[in-house]
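If you read the protein sequences in the order shown, they are chains X and W.
The opening position of the first sequence corresponds to residue 146 in my numbering, with each subsequent residue numbered one higher.
The opening position of the second sequence corresponds to residue 146 in my numbering, with each subsequent residue numbered one higher.
In short, the hints are calculated from the structure, not lab data.
A virtual CB, placed ideally from N, CA and C, is assigned to each residue, including glycine.
One or more hints might be untrue.
Unchecked claim - Which residues of chain W face chain X? A partial, calculated answer using Cβ under 10 Å:
#, residue
1, Glu-172
2, Met-196
3, Ser-404
What the hints assert, rightly or not - To spell it out: a stretch of chain X is covered by chain W in this simulated footprint if at least three of its residues, at any positions, have a beta carbon under 8 Å from a beta carbon of chain W; those stretches are:
#, segment
4, 153–159
5, 186–196
6, 273–282
7, 325–334
8, 390–403
9, 449–459
10, 491–497
Protein chains: 2
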Amino acid sequence: VSGCVSDAVQAVYRVAVSAADLEARVESLLLEQTVEVPRRALEAIRPAVSMVGRVTGTATDGDSSFRVTLEYPEAAIGSDPAQLLNVVFGNSSLQPDVELLDVSVPETLARSLGGPGHGLAGLRRSTGVEARALTCSTVKPLGISVEQAARLVRDFALGGLDVVKDDHGLADQAFCPFAARVRACIEAVECVAQETGHSTLYVPNITGAPRTLLERARIARELGARAVMVAPMLAGLPFLHELARGELDVPVLAHPALSGAQRIAPLALLGTLFPLYGADGVIFTSFGGRFSYDRETCLRLVEELREPRAAIAPALPVVGGGMTVDRVDDILAAYGVDCMLLVGGSLLEAGEGLVERSRDFVARVRDYPSQP
Amino acid sequence: VSGCVSDAVQAVYRVAVSAADLEARVESLLLEQTVEVPRRALEAIRPAVSMVGRVTGTATDGDSSFRVTLEYPEAAIGSDPAQLLNVVFGNSSLQPDVELLDVSVPETLARSLGGPGHGLAGLRRSTGVEARALTCSTVKPLGISVEQAARLVRDFALGGLDVVKDDHGLADQAFCPFAARVRACIEAVECVAQETGHSTLYVPNITGAPRTLLERARIARELGARAVMVAPMLAGLPFLHELARGELDVPVLAHPALSGAQRIAPLALLGTLFPLYGADGVIFTSFGGRFSYDRETCLRLVEELREPRAAIAPALPVVGGGMTVDRVDDILAAYGVDCMLLVGGSLLEAGEGLVERSRDFVARVRDYPSQP
């Protein structure tokens, strides 16, 4: 797929199959994605328009496994974000011998879906950070009160962080109600801004079924939130598109909860579809933490976010998943400075020393040479 | 989990780990699901309320694999359908050594989420079918015109089918616009009802991002649709809950597109969560077709739909995924008659003989003894 954007939707799959069975398996995969009937039924019905895609490439991929590239007519999708998911991996997701590795869309579909409305550049503007990497931490764990949440935000802000986001598990639980938390946390960053002149961007997590989520987004905006976080795989990926392109006028950070459950490669889901559907920043679990993506996967994902093949704006890569302060130089050496570093638990362990450790984190990111 | 419903949310995982590493792995899994920080950070922060769950069982499950049962406090979820998904499999979905096998919820949460509003009984009422299995087919393939869709519906209705549903790939594409299709298909079933006295339930597919989907639901209802189909993993699973409990007053058939991509067992996702969130009928890909679930998985899934452990109404199992007319007796012998048989491609191959083959399908289901 790389580099070449045709006027069809392209998808690359890894298919576990023997060479002898490859042709038949690829034929059945091709039919499953759109028409979902045997050729015999197509001949019997003679649809007004042919929606069968075509095979544009097969290559070996290790033992008993092939990389198969299929193209689908854009008309099978229209510009429906749910139908795009369905065509690239709807029924075939139910067949365990198939993984989705990569997706690319034609320019018309990319423009119609729209991509990040703010993106990397917008998140730099929102935080006033021009040349270096951004710093970020998380308000957690689940179980904290509103007062504890606001205290954490205050400490992070005093430590000089650029962004502080809610944990994605903070919804509207009784022990930490949504509106009270957002109000208190925004007050905390405003208070620190008056004291120190440093302005931290607080990003509330908005979750729930769509109507609930929209109501929380409205409350957050009314209370002064200038960005929000959404977990697209919890909320529904097509809903991200609706949010980012219509309901929200502020940047959206996308959280990866539930996204690893798919047999969809991070490049396709987090790197391509999340920003295509409007994520301005994309949080991913980096190599070197407590999750599983390897270095090459992460670098390719970050490249796709910052230099998208689709006709959309670059998005901000947010490097998380168990990052620590003492690894700042290594992380920035790997990713460069066009990213945001998310350090959570490793700061929170400092307890009373949270402000100090946050300052240390900020200093390390500031001191990292932007031109090595 | 089976049989025992406690006042906590229970989840069963398969964890690929050696016996020597089991304890440490289970501890990290437990922390990941709710608080997501190390114990050291918990001690430093002292959250107002403890949201750490507990381990209630571990059992070997083959070589280097364990079944681990965890319980989470209901207060971590409130009654938020997105947060339930997050707690049972949010971040842990990103760790490839973990699969979610089973979920059960306390009675309060089941009642609050509500389950099927119509369920198996409602779908029997909607079709007037009392004692036998229901018959169903699909309007497809993608690429047919409105006229072709209506012709298929007419033929299926003349053949005597109980239910005819749209293919889940039929959205609002230019070659077969949504409102025109729904209008023509409803006219087709009404026309056949006048001619023959047999009333077929036509079920339009509603898809898209939430606002679009709601608009299509509204149009479908205005045009007289008495049930709809939604693919919850495309639309967003929490959105199913909102639809079924608020926006819609008709039964919802849930389609499994994208649902197999998850490392979530069909019992947990299709058998437990889909009906908990309001699906009245659940389409699944049965053994014996072109998909992968084995017989035991399918039987356990059907049992859970019809006799839910949660305090919700039974849902209608819809048996699909490559079923054929000549296998009707086998299928009903396996599942009994409290189900709906979905036969798509195998009917559509009949071409000009579609009415006849539909009649054959209906006759076989009618003739199957309800008391063997």
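Hint-by-hint comparison with the structure:
1. Because the closest C-beta pair between Glu-172 (chain W) and chain X is about 13 Å apart, greater than 10 Å, the hint is violated.
2. At a threshold of 10 Å, the smallest CB-CB gap from Met-196 (chain W) to chain X is about 4 Å, leaving the interface hint in force.
3. A least Cβ separation of about 7 Å between Ser-404 (chain W) and chain X falls short of the 10 Å threshold, and the interface hint therefore holds.
4. With 0 residues bearing a CB less than 8 Å from a CB of chain W, the segment 153–159 of chain X misses the requirement of three and the coverage assertion fails.
5. Only when three residues or more bring their CB closer than 8 Å to a CB of chain W does the claim for the segment 186–196 of chain X stand; here the count is 10, and the claim holds.
6. Coverage of the segment 273–282 of chain X by chain W is violated. Counting CB-CB distances below 8 Å, 0 residues qualify, and the rule asks for three or more.
7. Residues of the segment 325–334 of chain X with a Cβ under 8 Å from some Cβ of chain W number 0, which does not satisfy the need for three, so the listed coverage is violated.
8. Against chain W, the segment 390–403 of chain X contributes 4 residues with a C-beta closer than 8 Å to a partner C-beta. That satisfies the three-residue criterion, and the hint holds.
9. Check on the segment 449–459 of chain X: 0 of its residues sit with their Cβ under 8 Å from a Cβ of chain W, so the three-residue criterion for coverage is violated.
10. Evaluation of the coverage hint for the segment 491–497 of chain X: fulfilled, as 5 residues show C-beta separations to chain W shorter than 8 Å, against a requirement of three.
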